[in-house]
Structures are given as structure tokens and as C-alpha cells.
Amino acid sequence: MNLTLRIWRQKGPEDKGQMVTYPVQDVSPDMSFLEMLDVLNERLILDGEEPVAFDHDCREGICGMCSLMINGEAHGPQRGTTACQLHMRQFSDGDTIDIEPWRARAFPVVKDLVVNRNAFDQIIAAGGYVTAPTGSAPEAHSTPVAKANADAAFESAACIGCGACVAACPNGSGMLFTAAKITQLSLLPQGQPERYTRVIGMVDAHDEAGFGGCTNIGECAAACPKGIPLNTIGRLNRDYLKATAKRAGTPGS
Amino acid sequence: MAVTGIILVLFLILHMLGNLKIFTGETSFDHYAHWLREIGTPLLPSTWYLWIQRTVLTVAVVAHIVSATVLAVRARAARPVAYAHRRKIHVNYAARTMRWGGVIILLFVIYHILDLTTGHLNPQGDPANPYGNVVQDFAADRWYVTLFYTLAIVTLGFHLRHGAFSAFRSLGQQTPKGERRARAAALVFAVALCVGYLVVPFAVLTGLVA
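Which chain is which? The protein sequence lines are A and B, in order. Read in order, the letters of the first sequence correspond to residues 1 to 253 in UniProt numbering. Read in order, the letters of the second sequence correspond to residues 1 to 210 in UniProt numbering.
Worth flagging that the hints you see were computed from the coordinates, not collected in a lab. Source: prediction; values computed, not measured. One thing to keep in mind: the hints can contain errors.
Claimed, not checked - No farther apart than 30 Å at their CA atoms in a straight line, the calculated lysine-lysine pairs in the DSS-like style are these:
(1) B:Lys177 with A:Lys226
(2) A:Lys11 with B:Lys88
(3) A:Lys246 with A:Lys147
(4) B:Lys88 with A:Lys226
(5) B:Lys177 with A:Lys246
(6) B:Lys88 with A:Lys111
(7) A:Lys11 with A:Lys147
(8) B:Lys177 with B:Lys88
(9) A:Lys111 with A:Lys246
(10) A:Lys16 with A:Lys147
(11) B:Lys88 with A:Lys16
(12) B:Lys177 with A:Lys242
(13) A:Lys147 with B:Lys177
Stated by the list, open to error - Chain A regions said to be covered by chain B (calculated; three or more residues, Cβ under 8 Å):
(14) 39 to 49
(15) 163 to 177
(16) 235 to 246
In this text, a Cβ means the ideal position worked out from N, Cα and C, and glycines have one as well.
Just chain B, same shape as in the assembly (with noise of 0.2 Å):
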């Protein structure tokens, strides 16, 4: 789980990045979104680069969700008969939402690469010109988008801020200093990588981005 949420996980900081190329202005975005085709050249062939990199995303979620599958399974098994009688005294949201909060997140990949990378249920869906495919796309009477967007971020942040610290203990952190670093770092790094993707959104819906 620890090793392929951080390969996740830093594609997830490269993403970030690059979706906030979109405030430095249209030219220079589509530029950009066409250089990640060109990433490599000319020593491996056009696209290439892209198509390693899909596959390694795709081994690593694949292999995340068998890893996740396994726990709960085991998870499930481990507990034939329920408790009458149920309290939760540690109260942590983002780890009790784990399972299902990967399950919506999943769903939101395949809707956003339907969306922005094939085009399929993107309003202009036009590959040459994914800034303005951005634009209409967060356009204010698509609010429902937006609506579903933030909230498939922000169950993203959840579940980093629970991964992201179990990611450090599976990996051996083991001192209660440690610990209390680890957890606060899983959290700044949680709302900043939130505030990140919500930024393009929320600037196209408010017009700083047309």
C-alpha cells in the first residue's frame, strides 16, 4: 500500500504543478500540455514517455486496490459476528474512510480521464487546446462538474492525510516524536495538495481564468 501511494502520490505533486501552469496564461498551458508529449524526445519516440508513464500509474493503482481489496477481505473475515453495541472512541475520520473514499476517488479518475484527457465528456473536447477544454469545462453553468469535482478532492485529501502517515509507519517510522512530525506533515501536505487542484476551479468559475 506504503510504496504505491507514494508513486501515486508524487504523480499526484507533478499534477498539481502543472495544473497551475494555467495562471502563467493560455499559450504557455498549451505549451506545456503539448511538451508532455514531447517529454524524452529525441531519444525515445514521441508520446513514449507519456505511455511509460501511464502504465507505471496504472501498475501502481491496480496493485494499490488488490493491496486495499486483501486488507478488507482480511478485514471482513477476521470478524464473523458483529458487535451488538458499536463505539468508535478514536475519533479519525480519514482513516475510517479509507476504503470507500478510494472507491469514490477511482470513480472520479476514470470520470476526469473521460473528461480531460480523451475528451469524451468534455463540452469542447478539443486535444489541441486544453486550456480552453479547462475553461468550459469549470464554466458556472456546469457548477455540478465543479461540485463534483471539489468533492472527490477533498475526499482525496482524507484519504492523504490518513495514507500519507500510514504510509511513514508502514515504512518503519517508530517514535512517538516521529509520529506526531509525521502526522502533521500528512496533513499540511493533505490541504496543500487540496488547495492546489481547487485553485483552477474556483478561478475559472470566478473569471480569473477565461
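Just chain A, with the same shape it has in the complex (with noise of 0.2 Å):
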């Protein structure tokens, strides 16, 4: 497959930033997307060019870090798919790809189309963890939990943090991560203590890290690489609501 890529060339976080257009030969169907710009990245760096940056890590899938707009999808064509999971065998030869970095104020771009998910890890310091010492893992039965409760549980703790939810929201809300991180503590027993001033707590990160608002567009679970569903973001109002009519004001854990 030959193919041309327009990729977002931004040298620092103070450039301005442009579309560059690169022309790829000899693309094999079975490539990952990555392994793609592997193959862009060796040829300008033979050519003495600078090879574009892009975040991976894990390239299976799961570590979060591949955040690539590809044709304006966050993550690219393929559903409930990372960029690194994507091949190219979803493209034909001849195509032209648009790739970008996340646009979002609180995701800065560092350098081509890596960005700064920092934003993610306050929401995660503002609440998003039990502070009771868990040890090891219990005895499965010691603490009854219920089946329902459970796969809703671990349906959120999916959440990889790659952040194509901020990326597809037409607002730049990242209300289904935050929601995500919510939704896996509060239905387990070991959530319960914190569970009122960690919603308050992790909102007001979110606000304040400078992402939009959510409006229930559903957008973002469309996006989502691992199928957070967008009813986790009712499981967040909810507990908000008690939230604030509970301890109003009070800051978070």
C-alpha cells in the first residue's frame, strides 16, 4: 500500500505548529499503525530529518499511552480499538491519513503528537483511590459483593486513562474518565468511606485542570477504546448529587 500522511509537526509546546504532508511506500496490510510511523520515522531519520513524536508503550493495547486523532477519530476507525491495536488493513492503498495529537487546553502538546495527560493524574490525586492499607488480596468471599455490582466495577476499571474521551468531546469534557474512576470505587465495598468527598473532590480537579463540561452528547463512550459506557457519567451525577446534598463544601479526601 502507498499512502500519504498529514502529519501535526509542532517542534515545542511554545511552536505554533502546522500540517506536514509525508508520502509512505510499501505498507504492508498486516503493519500496526505504529509500526506504520516506525517506517515513516527510519526514513526521515536516514534522511536526517527529525522522526515525528508519538506516545506508545505497551502497543497491546492496554498500557493507555497511544493518542493519536487519526482521520478526526480519537484512536482511529476501528471500534473499541487503541491506535496501536489498529492495522493498517482498515486503510486501502491510496489514502490519505490525517494525524493529530488530543486537542484539548488541559492536554498541552509537548512535542509533535505527544501531549500532556497530566491533568488526568490530578483528577487522580484528588480522590481516585482508597486511602484503608488493602493489603494483600483478601479470601474472595470475605466481603460479599454483588454480581451486578461487580462486572459494573470492573466494566469502569477498564478505563486504560488514554484520554480519546476528552479527544472526541465536542465540549473537551473529560467527565467519562472521571466518572470511570468514580463509578470502580463506588460500587465496591472498599469505596465506601471516601465515596461522597471523592466525587466532590475529583469534579472540582477536573473543572479546575480546565476541560469542559459535560452534556450528555455520548460521544466519548463512542470513542472509547475499552467501552466505558456513558451510564457510569449517571453513576457520577448521582453520587454528586447525594454529594453535595450530604457535605456541601467539604473538599475532597
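Fit the two chains together into the complex; they arrive one by one in their own frames, and the hints show the way.
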């Protein structure tokens, strides 16, 4: 396959940046999207040019590092798939592919396609954990958890924190991420003691980081490579309403 | 957004039911319109209830618009650099047109009050004969009024389709099954309200109400 790539190049955080066109020849349909970028980078290095910077780590869809907006879709055209697990067979010979970084005020571009997702760490630091020392894994039946709750908590815990929800949201909101992190704890017994201070702290941190507000459009859940459902935001809303009624003004744990 | 929206939706339901009184005849409709000014008497002086309701609705509309503006401003600030290539994957026309749809509905409401409440833009404009005002307003040669009215009501329908679901969600609707029900209920409600509002001008247009 021969492709034309239009890639966002930006030397550093202060650089204005622009889309640059690169032709790529002899791409195998069995390559992953990131391997295709590796091929481009090897050629750029041989030509003495600066290679394209992009985030990646595990390349098996679980680390949450890849963050590519491919043809205007977070992680590309295949649903429920991170960019590293996307294969070139999803594209056709002669295609032009636009590759951009996540766009959000809370995710400033570091270089080219690499963005700083520290804002997510700030949200977690504001309450996305339990403070009780839990030790090693307890005997499974010592604390009963309803199967439905365990399943829903696990579904939310699948969030890899890649930021596709923010990238896809027309409001630039990080509410699906925040809701997933709240839900995975609020449905389990270990998460109960801090349940209502957690939600206030995390939503405040979300807003302070410069994310937009949620208007329940649903673009986030459609883009999420891990299939976090939109109704987790409803769980967050319900906890938030209860929390503000119970402990208005209490800062996060 | 949700709380003020619900207040406005409750008014829309009552307003629609009131409109449908037009099918019970001129005397009945005019009597109903007159009764609206007398609700609460003799406990309250005449038209007091009407003004209380108007105040509540105005506060709700203003609060609704203020919340929407805050969200829109935050959304704009949250993405300072736009995408060069953007594709919407989740097709949700109603959710995407909430802001401009809201502006269209506001403009319509202003026109609607000047038309059928104060009578300034009505061909008859007789406060004593609201039935006649409606019939004159949607007369066949004033087709552009009916057209604008229809467009505004359809916009309202889209606004409610997402708005009603979104209100459930904002107030804590949290299960996948509930989400399907809330979306279905919002769709049925939006369509029912559209039909309820549109039968009146089309009944006048077709001569069913004359």
C-alpha cells in the first residue's frame, strides 16, 4: 500500500505547529498503525530529518499511551481499539490519512503528537484511590459483593486513561474518565468510606484542569477503546448530587 | 439545566393541552383563555396567578440560558486549537443542535409572545377573542407564519429529544436499561409534543378550525 500522511508537526510547547505531508511507500496491510509510523520515522532519520514524536508503550492496547486522532477519530476508524492495535488493513491503497494529537486545553502538546496528560493524574490525586491499607488480596468471599456491582465496577476499571473521551468530546470534557474512576470505587465496599468526598474532589479537579462540562452527547463512549458506557456518567451525577446534599463544601479527601 | 428545563417542559405540556381546547369550539376556547386570567380568584386578585407563573417561567428561561452559556463558554475554552480533520462518529443530531436550536426557540418565543399574547404582530390582535386571533394568524395566505411555527416546533422537538434524556441523566439516571428507557421516553415525549402543537395550525390551514 502507498499512503499519504498529513501529520501535525510541532517542535515544542511554544511552537505554533502545522500539518506536514509525508508519502509512505510499501506499507503492509498487516502492519499496526504505529509500525507504519516507525517505518516513516526510520526513513526520516536516514534522510537526516527529525522523526515524528508520538506516545506509545505496550503496543497491546492496555497501557493507554497511544493518543492519535486519525482522520478525525480518536484511535482511528475501528471501534473499541486503541491506535496501537489498529492495523493498516483498515485503510486502502492511496488513502490520505490525517494524524493529529488530542486537542484540549488540559492536554497541552509537548511535541508533534505527544500531549501532556498530567491533568488526569491531578483528577486521580484528588480522590481516585482508597486510603485504607488493603494489604494483599483478601479471601474472595470475605467481603460479599453483588455480581452486578462487581461486573459494573470491572467494566469501569477497564479504563486505561488514554484521553480519547476528551479528544472526541465536542465540549472537551473529561467526564467519562472521571466517571469511570469514580464508578470503579463507588460500587465496591472498599470505596464506600470516601465515596462522597471523592466525587466532589475529583469533579472539582476536573473543572480546575480546564476540561469542558458534560452535556451527555455520548461521543466519548463511542470513541472509548475500552467500551466504558455512557451511564457511568449517570453514576457520577447521582453520587455528586448525594454528596452535595450531604457534605456540601467539604473538599476532596 | 435539568431543573429549569423540567419547569419549562411542565409549562409546555399544560400549554399544549390548553391549545387543544381549540377543537372544543370558539366559546369554550375563549372561556378557557379568560379563565387563565382568573385562576386563583378570589384568593388572589385577578391575573395575579398569571403574573406569578410568568415570573417563574422568565426566571427559569433566564437560568436555563445562563447555564447553557456557561457550558458553551467552557467548551470553547477547553479546546483552544481546533482539529484540522474532525469526524463525528456518534450520530446524535439532537445533541449537536442544542445550542443553536435553543437560540432559534428563544427567537420564536419572543415572536410568539408579540403575536398571540400582546397581539402586536397578529392580524386581528383582539385580546377578547383569542380563537379569532389563532384562526386569523394561521390563515392560508399567511403560510409563512405556519412555516416558521412548524420549523420552531420541530426544533423544539429535537431540543426536547436530547434535553429530556439529558435531564434524566443529569439527575442521576445510572443504569444501561434505564438509559434505553429514558431515551425512548424522551423520543416519544418529543414527538407527542410536536404533534400536539402542530395539529392546531394545520387544523386552521385545512379549514378544520375556522
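Hint compliance check: list the failing hint numbers for this structure, sorted ascending. 7, 9, 10 and 14
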